[in-house]
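Make a model of the complete structure from these sequences and hints.
2 protein chains.
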Amino acid sequence: MLDFMKEAIKEAQKAYEEDEVPIGAVIVVDNKIIARGHNRREKLQNALKHSEIIAIEKACKKLKSWRLENAIMYVTLEPCPMCAGAIANARIAKVVYGCKEKSAGDGLCEKILTSPRLNHKPELEYDDKHSEEISKMLTDFFSRKRQT
Amino acid sequence: MLDFMKEAIKEAQKAYEEDEVPIGAVIVVDNKIIARGHNRREKLQNALKHSEIIAIEKACKKLKSWRLENAIMYVTLEPCPMCAGAIANARIAKVVYGCKEKSAGDGLCEKILTSPRLNHKPELEYDDKHSEEISKMLTDFFSRKRQT
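Protein sequences, first through last, are from chains F and R.
Going by the numbering used here, the first sequence opens with residue 1, and the numbers climb by one from there.
Going by the numbering used here, the second sequence opens with residue 1, and the numbers climb by one from there.
It should be emphasised that the hints constitute simulated quantities derived from the structure, not laboratory data.
One thing to keep in mind: the hints can contain errors.
[Said to hold, decoys possible] Dumping the calculated DMTMM-like pairs for lysine to aspartate or glutamate here, alpha-carbon to alpha-carbon at most 25 Å: (1) K121(F) to E42(R); (2) K61(F) to E17(R); (3) K58(F) to E132(R); (4) K102(F) to E69(F).
[Unchecked claim] Computed far set for chain R versus chain F, every beta-carbon distance over 12 Å: (5) D3; (6) K61; (7) N70; (8) K94.
Even for Gly, the Cβ is constructed at its ideal location relative to N, Cα and C.
Given below as structure tokens:
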């Protein structure tokens, strides 16, 4: 089976090469990738264009539905509150993230995904298989930014 | 001075007329409305198209920047987690909402807006002046939906 987290990392790599914070996501239905996204906030000058949001938009367009009920999202980094909320709003079944966000120690991502406000509660899974590679890519990116 | 919450209610009314959950938002800079949005999730079959998201996208486009640092958002209903996260990500200075979301009793919106994960913490204000009108519009909408 295709390593979907590796595919999300390929998306993060595209962001890195475009001088964007390197985060990537893919959305999978029936073991096939139906949408990909990488962070493009700077390029598009739009605060919403995180990898997860771009992938959700593409998936909704592809399936002609706002409900992504059978979908699994693989994303390199633990989602921010906006993206966690978007994942729940889009009724995504499960999110697998590849690296923990250090500043998210308050468990906010999980709180959002299990909020009584939202009608749907996606499953949340941490897959640490590639966490060092993802973390290194982020550290390298921010070190490079500080030098320029 | 223009009653900006009334302008947000006009946006919610547009959503109502389009058979969408009636929620509306406007974004104000220097006492002028620079962007408007109403919920279009069903029409666009896109889970992300809440009024706040549409207004933020328009404002970023208008200002050619993802940073909306001097902006105030007026929105008819207390934002959902996705929109609260988007408001913080877009660095909006302040959010004024016109009606409390009953199922949001867990204070999640406020938790998101003050999360250590986010670099920016927008001010949050509840303006109850038109809360009955907003609440009635939502109740009417859902009663009508149940009958059809």
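To see whether the hints hold, each was checked on the structure:
1. At most 25 Å may separate the alpha-carbon atoms for a hinted pair to count; K121(F) and E42(R) meet this at roughly 20 Å.
2. Distance check on the hinted pair: K61(F) and E17(R) sit about 24 Å apart at the alpha-carbon level, within 25 Å; holds.
3. Of the pairs offered as hints, the one joining K58(F) and E132(R) is violated, with about 38 Å between alpha carbons and a cut-off of 25 Å exceeded.
4. Of the supplied pair hints, the one linking K102(F) and E69(F) is violated, its CA atoms being roughly 29 Å apart against a limit of 25 Å.
5. With a least CB separation of 27 Å from chain F, D3(R) remains clear of the 12 Å interface cut-off, as annotated.
6. Residue-level check failed: K61(R) sits 7 Å from the nearest beta carbon of chain F, not beyond 12 Å.
7. Non-interface status of N70(R) relative to chain F is upheld: no Cβ of that chain comes within 12 Å, the nearest being about 14 Å off.
8. Every CB of chain F is more than 12 Å from the CB of K94(R) (nearest about 16 Å), matching its label as outside the interface.
Checked against the numbered hints above, the structure violates hints 3, 4, 6; every other hint is satisfied.
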